[in-house]
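Here's the letter readout for the chains.
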Amino acid sequence: MSRLAQLWRTTTVRLTAVFILLFMIFSILLLTFLAYQSSIQIQQQQTRAIDREVETLQGIDRRQGVRGIVFAVARLASVPGPGIYYLGDNSGLQIVGNIQNIPVNVLESEGVFSFNYSSPGIDQEDDTIEGPQGFAVVRSVVLDSGLKLVVGRDVGERRGFTAIVLQGFLYAVAGILVFSLIAGIITARRVLRRIDAINATSAKIMTGNLSERIPVTRANDEFDALATSLNAMLDRIEGLMQGLKEVTDNVAHDLKTPLTRLRTRAEAALRDSGNPTAQREALETTIGESDKLIRTFNALLMIARAEAGAPSGAFADVDVSAVAADVADLYEPVAEEQGLALTTDIAPGVRLRANRELIGQALVNLIENALKYYEPADGKQGRVAIVVRSANGRVLIEVSDNGPGIAPEDRARVIERFVRLEKSRTEPGSGLGLSLVNAVARLHRGELRLEDNAPGVRAVIDLPAT
Amino acid sequence: MKILLIEDDREAATYLIQALDEAGHVTHHASDGETGYAMASSMDYDVLIVDRMLPRRDGLSIIESIRAENNRTPVLILSALGEVDDRVTGLRAGGDDYLVKPYAFTELLARVEVLARRATPGEAATSYEVGDLSLDRLSRKVERSGETILLQPREFRLLEYLMKNAGKVVTRTMLLENVWDYHFDPQTNVIDVHMSRLRGKIDKGHASPLLHTIRGAGYMIRE
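Residue numbers (the numbering used here), protein chains in the order written: chain Z, 95 to 560; chain G, 36 to 258.
If you're looking for bench data, these hints aren't it; they were derived computationally from the structure.
Treat the hints loosely; a few may be bogus.
Here are some, though not all, of the chain Z residues that point toward chain G, as calculated from beta-carbon distances under 8 angstroms [unchecked claim]:
(1) N325
(2) D329
(3) E332
(4) R389
(5) T390
(6) L394
(7) L424
(8) E431
(9) V458
(10) L465
(11) Y468
Within a straight-line C-alpha distance of at most 25 angstroms, the following computed PhoX-like cross-link-like pairs (lysine-lysine) qualify [what the hints assert, rightly or not]:
(12) G:K176 to G:K199
(13) G:K136 to G:K176
(14) Z:K386 to G:K136
(15) G:K37 to G:K136
(16) G:K37 to G:K199
(17) G:K136 to Z:K350
Taking CB as the label site, the calculated pair distances span [said to hold, decoys possible]:
(18) G:R192 to Z:D556: 25 to 35 angstroms
(19) Z:R536 to G:M88: 51 to 61 angstroms
(20) G:V123 to Z:A441: 25 to 35 angstroms
(21) Z:D413 to G:R91: 37 to 47 angstroms
(22) G:A58 to Z:A548: 28 to 38 angstroms
(23) Z:D413 to G:E46: 40 to 50 angstroms
For every residue, glycine included, the Cβ atom is placed at its ideal position computed from N, Cα and C.
Use the sequences and the hints to build the structure in full.
Here is the structure:
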């Protein structure tokens, strides 16, 4: 596509063209009106002037007779200008005047006429040299003395005026055309340049360079606003991609490690074919490992579904108090077996529109974390407390312990997927527990907070009540 | 027991048929929805195992059709879809149990055997007896050798479920689903702890234990 064709396609140039066209149409209408009006005005003035002269000359004729009128007309006719004067005898033959060849019909009757004429040559003696030609508007009267008087004006002047107006108009239109075209093209090029910059950046981004950004000028115009918001979007996408990459890396690591173990064990069992007991054991651990993999996979799917804002089909009116009581009942013996005391402080009848399974799963994950990271210390009774309460339109589900706790700087990080703090790397688990709780909280338009329980951790699922 | 398996994955089907055969069950197989429906509605089976996504006809539509024909054969749905919604729609279509892929064969077998029993009459028994252990569902009384055993409400429901399925393996997931009504997967051995508490109450001091742990599968109550 040529540059010109491209320019023509821009909105600015097209708009400019449309405006020029409209402007021209209106200018023509306006000027036509003006020219028409002024020519009428001039015509009226001339007619009035002619009428006045005719009256004056009629007066002279009446008072001073033939001699007076002949002198008066001769004097007027000798003044250079647009005036046309003719005085003829009763048969119409010229006595004095500055015009020849008056059409016969003008002299035969009274009234207003217009015609082409030629005036006598500059050299009065030589009739063969034609004087200036013109178009005349005249009034013809028969005087009291019987002489025929014709008084008029050359209206070539009027025509010249119209021509000047038309010419001026043409120059103006040409100027406007040129200037607005130039302005349109300049604006279009400016716009095109900005859009080209955006296009170039998108092209670079599409080829994989996500860190490219659209240049923002100091003009602070709508293009800068667009560029800024596109850049903000790109920042977000880049952040998400970064997060996705980290997750993929972590998935790769956390799924590949057990898969490798699985494979090695199967291979070893295959080599060790002479020992059926060992083989059987190897197979059993293999199944155990694959179960763990499935569990990790399920947790990932669950987080993905919860984060995608799974359809709320599974949302129902849930008695959160009952769910918490159930889960506490489920885990109380486990805690006791580990030497921990599990206590509950559950306000009755706290209800919420929620996904019961996910709320239960979140609570289970928090309790399992508390149980898992509890370190028996001498003389200290380990405690896990489950609290459910509602306050100020919020529903709070808390699980607190008096275990080792999480350092403040690590609190945000442990919520991320697959993050396990170094000291807990050896613990079994997928590293997805808290991320799932977080995803569940967010699905219910709430949040997960990790607070200092001094000592220990207080995990709070803070959800809006409605 | 006569089982119909409607499953399009040939390898999985072959393995299942063989394993069910080893467990003493006769299994017929259909590899698409239409054939499966024709077989299910024309022959008598003790249990149907229906994959949810099948060629030619969807698993749920098969179940809806046979239920409309007043066929009460218990149905176990197999599915890769494991969300709560999916489970609910599966059970609403007329399925009796829902198992998410991938599953352990022991889990499938235990569920199939419990399902088959569910269809036999006398389900609404008011009391169960296993050896010298008896449970009265109305008075909520549990006795062993004439001695009353005091159980927590949850322990009672646990024992009730085990005794209802006496002689059959019940898995940990089945217990979690039926006694606690949760479908999630606890990482720790929560069920084992509850079972050992229950065992302490009913078997302690008795020469012959009734509550047995079945390795790699779950639990069973029997004489």
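Here is how each hint holds up against the structure:
Taking 8 angstroms as the C-beta cut-off, the interface hint given for N325 of chain Z is violated, the closest approach to chain G being about 37 angstroms. Nearest Cβ of chain G to the Cβ of D329 of chain Z: about 33 angstroms, over the 8 angstroms cut. The hint is violated. Nearest Cβ of chain G to the Cβ of E332 of chain Z: about 31 angstroms, over the 8 angstroms cut. The hint is violated. The interface hint given for R389 of chain Z holds, since its Cβ lies 6 angstroms from the closest Cβ of chain G, which is under the 8 angstroms cut-off.
Nearest Cβ of chain G to the Cβ of T390 of chain Z: about 11 angstroms, over the 8 angstroms cut. The hint is violated. Using the Cβ-Cβ criterion of 8 angstroms, the hint placing L394 of chain Z at the interface with chain G is not satisfied: the shortest such distance is roughly 12 angstroms. With its C-beta approaching chain G no nearer than about 6 angstroms, L424 of chain Z sits inside the 8 angstroms limit, and its interface hint holds. The restraint placing E431 of chain Z at the interface with chain G holds, with a minimum CB-CB distance near 5 angstroms, inside the 8 angstroms limit.
Hint status for V458 of chain Z relative to chain G: holds, with the closest Cβ pair at about 6 angstroms, below 8 angstroms. Evaluation of the L465 of chain Z hint against chain G yields a held restraint, the C-beta minimum of about 7 angstroms falling below 8 angstroms. Violation of the interface hint for Y468 of chain Z is found here, the shortest Cβ-Cβ separation to chain G being roughly 12 angstroms, above the 8 angstroms cut-off. The hinted pair formed by K176 of chain G and K199 of chain G meets the criterion: a straight-line CA distance of about 15 angstroms does not exceed 25 angstroms.
With a CA separation close to 39 angstroms, the supplied pair K136 of chain G and K176 of chain G exceeds the 25 angstroms bound. The hinted pair formed by K386 of chain Z and K136 of chain G meets the criterion: a straight-line CA distance of about 14 angstroms does not exceed 25 angstroms. For a cut-off of 25 angstroms, the pair hint linking K37 of chain G to K136 of chain G stands: about 23 angstroms separates their Cα positions. Restraint check for K37 of chain G and K199 of chain G: the C-alpha separation of about 22 angstroms stays at or below 25 angstroms, so the hint holds.
Between the alpha carbons of K136 of chain G and K350 of chain Z the distance comes to roughly 21 angstroms, so the proposed pair stays at or under 25 angstroms and holds. For R192 of chain G and D556 of chain Z, the hinted distance range of 25 to 35 angstroms is satisfied, since their beta carbons lie about 33 angstroms from each other. The hinted range of 51 to 61 angstroms is not satisfied by R536 of chain Z and M88 of chain G, whose Cβ atoms lie roughly 30 angstroms apart. Separation of V123 of chain G from A441 of chain Z is about 29 angstroms and conforms to the stated range, judged on CB atoms against 25 to 35 angstroms.
In this structure the hint that D413 of chain Z and R91 of chain G lie 37 to 47 angstroms apart at CB holds, the actual value being about 43 angstroms. Look at A58 of chain G against A548 of chain Z: about 56 angstroms separates their beta carbons, and that is not inside 28 to 38 angstroms. Taken as a hint, the range 40 to 50 angstroms holds for the pair D413 of chain Z and E46 of chain G, whose Cβ atoms sit roughly 44 angstroms apart.
Comparing the model with each earlier hint shows violations of hints 1, 2, 3, 5, 6, 11, 13, 19, 22; every other hint is respected.
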